[in-house]
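Visitor: As a plain string of letters, each chain reads:
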Amino acid sequence: MTGFDEVRELLPQRDPFVFVDQVIEVVEGKRIVCLKNFTRGDFFAEGMGRPGDAVAESLLIEAMAQTSILLFRKAFAGAMPVSPDSLFVLANVDAKFSGQAFPGDQVTLEAEAVKVTSRGAIVSARAAGERGAIAEVQFTLGVASRNSLGGHRDR
Amino acid sequence: MYSTEIERTVTQVVAEVSEKKEEEIWEKRDQNLFKDLGLDSLLALEIVAMLENKYNISVPEERIIEIATLNDAIHLVEDMLAAKDKAAV
Chain U
1 MTGFDEVREL LPQRDPFVFV DQVIEVVEGK RIVCLKNFTR GDFFAEGMGR
51 PGDAVAESLL IEAMAQTSIL LFRKAFAGAM PVSPDSLFVL ANVDAKFSGQ
101 AFPGDQVTLE AEAVKVTSRG AIVSARAAGE RGAIAEVQFT LGVASRNSLG
151 GHRDR
Chain C
1 MYSTEIERTV TQVVAEVSEK KEEEIWEKRD QNLFKDLGLD SLLALEIVAM
51 LENKYNISVP EERIIEIATL NDAIHLVEDM LAAKDKAAV
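Sequence order for the protein chains is U and C.
Position 67, counted from 1, in the first sequence is what the working numbering calls 67; the numbers after and before it change by one each time, with no gaps.
Position 52, counted from 1, in the second sequence is what the working numbering calls 52; the numbers after and before it change by one each time, with no gaps.
If you're looking for bench data, these hints aren't it; they were derived computationally from the structure.
On a predicted model such as this, the values are computed, not experimentally measured, just so you know.
Treat the hints with caution; some may be incorrect.
[Stated by the list, open to error] With beta-carbon atoms standing in for the labels, derived distance ranges:
1) K35/C to S145/U: 19 to 29 Å
2) D94/U to E61/C: 18 to 28 Å
3) S98/U to K86/C: 40 to 50 Å
4) I24/U to A83/C: 18 to 28 Å
5) N92/U to A88/C: 27 to 37 Å
6) K35/C to E46/U: 42 to 52 Å
7) D15/U to A87/C: 43 to 53 Å
8) T4/C to N147/U: 25 to 35 Å
9) R146/U to L81/C: 50 to 60 Å
Glycine included, every Cβ here is placed at the ideal spot set by N, Cα and C.
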């Protein structure tokens, strides 16, 4: 199991914009399963108007996108021609929502590789909570080197 | 318009991914998908993934770059299916 400290090291996002708490399952070269506990203490919960308001769909998509990055960092480590400094650029999102998540919910995030090449990948991701399925998303990701984008890493 | 099921399916997949009309894709089947129809490499990857799923084939990365036109994509699928049939014998 991978805890939050390692998750933070593996993701390019920084606190408080990290939406994966832990990795609970890795199938080499195929899939990953993660958990996110949404709480009333999360920064975005302050902007939710009333008790009972659902977590924004855009944040759930972000959580599934971060799960997809962890898929390549953990399940394709050494097997994919992508260096640890590679960036994943989201090119397309095809999302279908069938449920909602609320503060207090534990959401299971699962990502599975559909097609992987050295220049890009297609990932199928799902989110599910205590009340069942929440969303299914297909991501198309481009792979770029940090240098080609002119960026730098703070740490 | 089409003479084979593969021609129809590949054209439908390219039309869906590129968000263009099937007729336009078919009419321009010898034109470059990237220069003339505005596709990019990631859309090509989406096309390949959909074709893999429909035909239960696995297209190696080095063969994806062979796809420049719709006809190239059709021929690639025909090749992969022929190789699959041969391997099954």
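Visitor: If a hint holds in the structure, say so; if it doesn't, say that too.
Guide: Comparing the hints with the structure gives:
| no. | hint | result |
| --- | --- | --- |
| 1 | K35/C to S145/U: 19 to 29 Å | 25 Å, holds |
| 2 | D94/U to E61/C: 18 to 28 Å | 23 Å, holds |
| 3 | S98/U to K86/C: 40 to 50 Å | 42 Å, holds |
| 4 | I24/U to A83/C: 18 to 28 Å | 39 Å, violated |
| 5 | N92/U to A88/C: 27 to 37 Å | 34 Å, holds |
| 6 | K35/C to E46/U: 42 to 52 Å | 49 Å, holds |
| 7 | D15/U to A87/C: 43 to 53 Å | 51 Å, holds |
| 8 | T4/C to N147/U: 25 to 35 Å | 45 Å, violated |
| 9 | R146/U to L81/C: 50 to 60 Å | 40 Å, violated |
Violated hints, in rising order: 4, 8, 9; the structure is consistent with all others.
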